[in-house]
Amino acid sequence: MQEEISILIDFPSGCRRVDPASHFCVSGRILPRGPLPDDASFRVCLYDAAGKLLRHTTSDRKNDMRQFLYHPQLTGYPEELDPGREKLRAFGFPEVLVKDPADPYASMRDSTIKCFFTDDGFKAIIISGTDKAHGMLLDDGIGFTDENGQPYDALPRGKYRLEAALSVQGRILARADTVITIDPAEDTLICRFNPAAHKTNMWKWSVENGFSMQYDPLPGYLDPYLGKWYYHMGLLPMYRASDIAQYASSRVNMFVYLIDPESTSYSTELAWLQAHGAVGDPDRFRAYCYDIGEAVIGEGTASEMRGRIIPFARDEAVHICRIDTVKDSAEDNVYDLSGKDLLASSPASGTVEIRAGSRFAVMSVIKPVQLDPAAFSLRPDNTYEIAQSIDTIQYEFTCGDAHETHTRHTGLTRIDANGENIGSSVFEGRHIFRVNGAWQGKTVSVTIRCALSGGNATGSPARIHLRIT
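All you need for the numbering used here is the position in the sequence shown, starting with 1, plus 46.
No lab work stands behind these hints: they were computed from the structure. No false leads were slipped in.
Derived BS3-like pairs: lysine-lysine, alpha-carbon spacing no greater than 27 Å straight-line:
id : residue 1 : residue 2
1  : Lys133    : Lys274
2  : Lys245    : Lys386
3  : Lys145    : Lys108
4  : Lys205    : Lys178
5  : Lys250    : Lys274
6  : Lys386    : Lys373
7  : Lys145    : Lys133
All figures in this text were calculated on a predicted structure; none of them were measured in a lab.
Go ahead and model the full structure; you've got the sequences and the hints to work with.
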């Protein structure tokens, strides 16, 4: 006797909350694992609280091969890793399912066919609104409609019932349903997840503070189905259109660490907030960093230091994290997480002692501040062209009547323990200087200012003191 089939809905997960103006993924497992009938079909439906059907998507064949895998907006693995994208076809990307691959554009916008299932699992997407004209924050690059080509208005806040069902010739083999809520989170988080120690800190910190993080997959985002992550893949304009929804009406908490200029964090999330004037509102935006600039330095050694998460003060423009004495091999704006170029680190508090003639690095983190919203122009791919930024740090060294001034660019690059570049950061700098031998036995005051592109200083300066021994 065949074991009874059941369906488990894995996503949406947790509290089953979805952000307003966001499409969402529905996926899960079909149990027990085993071959399903060849004439099986799968359907995902969304009903309102009164039981009215609002959205539906159906697959009428298992392992549906009818996928538009070379859609011009689809970013995938290099061709040599997946020739013809045949492994992607088997993996299944419901966003690009069509009725006829020979004429893909005829049905690409039809949201009611965006469902893929195999013998042991299913994936589908549920569309909120068709475009900005129908309540979305950004156009998703496709403009999904119903099966008749009619647009959708974005789903309003409230409770809904989500149902997934497996059928054969109209007979239900298995069904599962759950209640979901469309509602914004009170607090959301912008952060990056490299390296591992930092990722662990972010998960823990977000839970402790009740910050919402995007745990669930978003429509348009393609998981690294070959196992190795190279870069973001998928229909990225679609992914970004839903990603930004989590920040539209929540209080945003940004952790400033490894904010790469090409990251979604910088080029879409923060840029959208800048374009809408939210960064300057302390009730809408707060920024944090590590007091020493890293999650951990010298892990497992006698000199180990672990970073504390601290908020930027309201009037703080730049936080000076620490002073490193470094080897001659150390480079400006490069930090090797292995510590191979590091001699010693000292928190930048009080007066830091440095030996005359030595090389030292000043590690700093810049607080994101509200810039001119007109400097942020939306591109078709839902990233922003950014015409204004804080991109230099100005140093003034004062020792008695002697003065030295230096201007250095931001853009710290981190190298992991394997020697691999894991990204650069527009809001961080690690700048190397050599102690002037004439200052031996004296205390040097260093005033540090941020400057906008163009050279104009902005925000309150920071100061550190160096005792030259």
